[in-house]
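Listed below, chain by chain, are the residues.
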Amino acid sequence: MTREETLNELKTVIAPYTTNKEMLNSINDETDLIRDLKINSANLVDIIIDAEAKYEIEIDYDSADKMINVGSCLDVITEKLNQK
Amino acid sequence: MHNEILNHLPYKSSFRFVDNISALDEDGVTGEYTLREGAFFYEDHFVGNPVTPGVIITEIMAQIGLVVLGIFLILKDGELNISEDAAMYPLLASTEVSFHKMVLPGQKVTVISKKQYFRFGKLKCYVEMVDSSGDIVAKGMFSGIVKRVDIKNG
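Protein sequences, first through last, are from chains A and B.
If you read the first sequence in my numbering, its first letter stands for residue 1, the second for the next number, and so on.
If you read the second sequence in my numbering, its first letter stands for residue 1, the second for the next number, and so on.
Chain B extracted, bound-state conformation (with noise of 0.2 Å):
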């Protein structure tokens, strides 16, 4: 039901880290990601060995758990004046992570993010990604800023 807000995401195919979104409101996200099999970086991460690479688990939990979140409380305040077709540019500006457990090919993880301010452009949350069995894979706190780019205008 909030998946109308992934056809702002810039993100494309291979880049694209998010497949759903089950619970969204101004106060947080939570989102699932299944990682593929066949992802480009497991063919070098490791040779015979995959394992997904923490860049990519901070990607996964920097999407779902902010640029999602970013573009939802930008859609929602009306005085910002949103047309449809605007693209979104999200701007990543600090992580602090911990890692806790390996992800391996095939398996789905789900991101609960909390929101700490949304300010002058600025959204900073805490972030947690947990596997299907609930463990922790990795928590940090993350901020970001949402850049919009109005296409009709230029």
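Here chain A stands alone, though its shape is the one from the complex (with noise of 0.2 Å):
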């Protein structure tokens, strides 16, 4: 799967977490989910949640404390994968 794939997938897993619909349309690396998507902190958990489960993947507590913007959330899911 390619960086692009995964993001466009990563935007339907964010998407029923914030309301800012447009600001979500066009992320990149550098969106941050908290400032610029306006999710709360522990919405966050739930957004890793739904990823292990689309992915089948498990994020550990190390992981987990990466994601604060998109880019480092596709670092994890990528990698992640990889190691299936």
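No lab work stands behind these hints, which were simulated from the structure alone.
Backbone N, C-alpha and C fix where the C-beta goes; we use that ideal spot for every residue, glycine too.
Hints are all accurate, no fakes.
Interface residues of chain B toward chain A, partial, derived using beta-carbon atoms under 8 Å:
(1) 93
(2) 94
(3) 117
(4) 119
(5) 120
(6) 122
(7) 143
(8) 145
Restricting the straight-line Cα-Cα distance to at most 30 Å, the calculated cross-link-like pairs of lysine-lysine (BS3-like) are:
(9) B/108 <-> B/139
(10) B/124 <-> A/80
(11) B/114 <-> A/54
In silico negatives: residues of chain B with every beta carbon more than 12 Å from chain A:
(12) 18
(13) 39
(14) 132
Two chains, two frames, a set of hints: combine them into the complex.
Pasting the structure below:
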């Protein structure tokens, strides 16, 4: 799966947790989930759990800690997919 | 038998809404609270017609359903190494509650909470409140985070 394909899938994972649909459509590696998409920090946990289910991966505490912007989310997901 | 956990609750006097924990394990908690006739909110909600406010119902559900269970889960996790005098500060993350029946001064309510998940410090539970006749008062999904502050280490 290319990074762009993963990004498009990630958008569908994030969508239920942000009301800023315009920003969601134009997200890039630098987009900060809390600051830019106005997602509360507790909902980041839901996004991680949803991502685990979607990609059938397991995200550990240290990896979850890194997932603050879109780029780092893609890095973690790609890394876990490659480990499968 | 589970009531020692009440010592860890940061609420005092007029804002502590847990009397007793009757069941508690990793998957859920059941607890009771009796609404005090003289509680501060009855004087104004409503004048001459005291009814327990929805926010207080929600708070009772959150204190028993999330905070008690959250503190239990944290204390149980030996790896976290919590000292006895560490203070626990619960932060409510989200609630989605529906209300079905009024609660009047002096009534006893029972809160039953079932854990959905506890991960990365976030606890999510399905919580129900019933009155003494077993009727549903309120139900909904609650989530929150418990922040630990170790007094010894600042």
